[in-house]
Amino acid sequence: MIRKEHLVALQTITYKETRRFLRIWVQTLLPSIITTTLYFLIFGTLIGSRIGQMKGYDYMDFIVPGLILMAVISNAYSNVVSSFYGSKFQHNIEEMIVAPMPGWVILTGYISGGVLRGLIVGVLVTVVSLFFTDLKIAHPVMMIVVFLLTGILFSCAGFINAVYAKSFDDISIVPTFVLTPLIYLGGVFYSIDMLPVFWQNVSLLNPVLYMIDVFRYSILGESDIPLRYGFLVIGLFILSLLVISLRLLNKGVGIRD
Amino acid sequence: MKALEIKQLEKCYSNGFVALKGIDLDVQQGDFFALLGANGAGKSTTIGIVASLVNKTSGSVTVFGHDLDKDPEAVKRCIGLVPQEFNFNQFEDVFDIVVSQAGYYGIPRKKAVERAEICLKQLEIWDKRNEPSRELSGGMKRRLMIARALVHEPKLLILDEPTAGVDIEIRRSMWAFFKKINAAGTTIILTTHYLEEAESLCRHIAIINRGEVIENTDMKGLLAKSSEEIFVLNIENTVETIPVIPGCSIQVIDGTTWQISVQKEAGIHALFNELTTLGIKVTGIRNESNRLEQLFLKLLAQKGRNYD
Chain A
1 MIRKEHLVAL
11 QTITYKETRR
21 FLRIWVQTLL
31 PSIITTTLYF
41 LIFGTLIGSR
51 IGQMKGYDYM
61 DFIVPGLILM
71 AVISNAYSNV
81 VSSFYGSKFQ
91 HNIEEMIVAP
101 MPGWVILTGY
111 ISGGVLRGLI
121 VGVLVTVVSL
131 FFTDLKIAHP
141 VMMIVVFLLT
151 GILFSCAGFI
161 NAVYAKSFDD
171 ISIVPTFVLT
181 PLIYLGGVFY
191 SIDMLPVFWQ
201 NVSLLNPVLY
211 MIDVFRYSIL
221 GESDIPLRYG
231 FLVIGLFILS
241 LLVISLRLLN
251 KGVGIRD
Chain B
258 MKALEIKQLE
268 KCYSNGFVAL
278 KGIDLDVQQG
288 DFFALLGANG
298 AGKSTTIGIV
308 ASLVNKTSGS
318 VTVFGHDLDK
328 DPEAVKRCIG
338 LVPQEFNFNQ
348 FEDVFDIVVS
358 QAGYYGIPRK
368 KAVERAEICL
378 KQLEIWDKRN
388 EPSRELSGGM
398 KRRLMIARAL
408 VHEPKLLILD
418 EPTAGVDIEI
428 RRSMWAFFKK
438 INAAGTTIIL
448 TTHYLEEAES
458 LCRHIAIINR
468 GEVIENTDMK
478 GLLAKSSEEI
488 FVLNIENTVE
498 TIPVIPGCSI
508 QVIDGTTWQI
518 SVQKEAGIHA
528 LFNELTTLGI
538 KVTGIRNESN
548 RLEQLFLKLL
558 AQKGRNYD
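Those sequence lines, one after another, are chains A and B.
Residue 120 in my numbering sits at position 120 of the first sequence, with consecutive numbering throughout.
Residue 436 in my numbering sits at position 179 of the second sequence, with consecutive numbering throughout.
The following block holds chain B by itself, in its conformation from the complex:
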């Protein structure tokens, strides 16, 4: 079953800006789906329309078989939204925010209190339940929004840059949490600027550029399109002549640090064989950037958008 089906979705804002130019998008039930795009590409507009925060101009949105135009309440019951910006009442206590949200979904207070406790404990902010939300740290505010989105047990969780501005430790713990709830059956749609996040979490991916979907495929398929990988190598000693290695392009950053672009068909094994033959000893290696990032930039460049 499709968790989300978007057909010919268009959005033209009142100032004339066309944010979406008739996009089609399908997300299967149980998927972990990445929606990528540069700022202003149309990701948040798409999410806003699905979550009923933005009026669409035309097209259709169906969530778990419920049409947004015909049965908006059924659609809303299926969705939990974690927006990009903090959008809770800064003067309310953490616990009250989550309990009230459950109430808006028609969950009686007694049950709402139980669910709020479960969610706040899962997100590890139970200790902060009686504090005003404005006094939480950035990471805790993000976790509060996730707890709030989960309190009515949605089938589709939409995360709009959920880890923006949080430290690595919290980000990693959030990733583990998202994987856990996805494994338990919740379909997740994620937008993020951390492409490493999308690569490690998501199974399918769509890339939006200037209101159009320019790529919609599975993550493995997309990554398979990558023709090269870039590594940074630290070598023990400087060499007088930079070697020429088939399938590799070497750029010297400083005497003992090289950036090497390795063609997929050449392979990293051949590179090391050559270096060993030439007597060049490698003391360290790291990826210059992740594969998805390179592909993302390449796809946008093909569409005339350059980040350099």
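This is chain A alone, in the form it adopts within the complex:
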């Protein structure tokens, strides 16, 4: 049962998480803007002009959705993994564990922080992209929905990483060796139509591919994969990771012995 106290607690965690990343905005918001600007400049303007068109769009226009979503993914993930692991490391997670709030409140609070950071960075990067291309957003509502869904999914992934992490090394291993390859092989810089059939099928196992594809549709109005499949896969991933995260939290894995 949801009580008023739970909503106050949720609001408190969300407020605290938001303040945390805004207070250190040079570390949390600025790097993605600079990195993405470099991508726009090098891959879009300098190299992109030599590549020509991709699926009927200028290369710059083609990569913009993927680059925006890449920023959302990495920010949502790193916000939750660093904040939750930091709380474990300093033991201040105990402040929440001793308080009368169920696991879903704590989880939703951390996810809210990750989603908000992803959303803010996503909007900022979108604004930056307007300096490089004449971006026309075909489906703005869908764009926001994909921002939110992506933020939720990767906040959960970051949470699970933080639960199992035993050192600061552990919170950088997954982003480096799992997340980055998934993003780069998820069709940010190319259409999967360019791949041999075998690698096209392998790519379909990558959840990031569906997100980038749906997001590209929301901006360009065209996708590689039927939309319903895209949303179905995203939904299933979110549901699975939410259930896993909540079970880990309720059992106290990595928090309580």
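Be aware that a few hints might be false.
Derived SDA-like pairs: lysine to any residue, alpha-carbon spacing no greater than 20 Å straight-line [said to hold, decoys possible]:
1) A:88 with B:344
2) A:16 with B:311
3) A:16 with B:352
4) A:251 with A:89
5) A:251 with B:311
6) B:398 with A:95
Just some of the chain A residues that point at chain B, by a computed CB distance under 8 Å [as the list claims (entries may be wrong)]:
7) 2
8) 6
9) 90
10) 95
11) 98
12) 257
To be clear, the hints were calculated from the coordinates, so they are not data collected in a lab.
These numbers were taken from a predicted model, which means no experiment stands behind them.
We put the beta carbon where it would ideally sit given N, CA and C, even for glycine.
Use these hints to put chain B onto chain A, whose structure you have.
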């Protein structure tokens, strides 16, 4: 009403270490209760289970009639915990830490801000409210944790070595504060290594040794079990022959300093009578150690644990 009722509580950690071997413990509402034991005896595990920081293996915990298994949120609402280690965010400001804690307990922000102000003023760290917690002194960090634990006005306050590492002045002021809130109705459970602290604050006491409760009684009753008291006497001049006084055992530390163990039935009055008769003038006297400490060590020694 019982503030805390623990029945057959067992804890076996994942590495196989058995920290609690089925302990029973009752704490009455309004009590000031001491939980003593050597390092690794099981005190912090017990407190951790009651505060939901540690999963129990078996047994039951009831706080003000609420079962921890059936209604953990009701149990948590009753408890304020001051842990042994500093466990706040070192990068957060003092005020934010206390306000956030109130928020976790479902207290709306406006009310949380008011309560945080009251608690920080009570603990005399209001002036430090805008400073990052990492910049506080050790004593102030302890007081911050007490303020944080009190912000939701708990009925049961659990203090796990709350005065560890603080100077005497701050310790004494904390004692006065604990007495005040206990008198106002808050039940307090205290673990401490300063046995003088337990003796002067607590009315009931339990001693845990290797996961078992070996003593659970009222403080007066426990102290009454003490059969002897040890004093250190400074005498004016050295004496050639150490006197033999019934009920007393004298050990010479140096010529003018004696350590005397006085049997309770003999009494300190008889000792002074004898010394006066023998013409030995006492210029100073002090307790070698407090009574509780002697009893504590004796009880542990009986259980095969020796500190010598």
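For each hint, the structure was consulted:
| no. | hint | result |
| --- | --- | --- |
| 1 | A:88 with B:344 | holds (10 Å) |
| 2 | A:16 with B:311 | violated (25 Å) |
| 3 | A:16 with B:352 | holds (13 Å) |
| 4 | A:251 with A:89 | holds (18 Å) |
| 5 | A:251 with B:311 | holds (11 Å) |
| 6 | B:398 with A:95 | holds (15 Å) |
| 7 | 2 | violated (12 Å) |
| 8 | 6 | holds (7 Å) |
| 9 | 90 | holds (6 Å) |
| 10 | 95 | holds (6 Å) |
| 11 | 98 | holds (5 Å) |
| 12 | 257 | holds (6 Å) |
When each numbered hint is compared with the structure, violations occur for hints 2 and 7.
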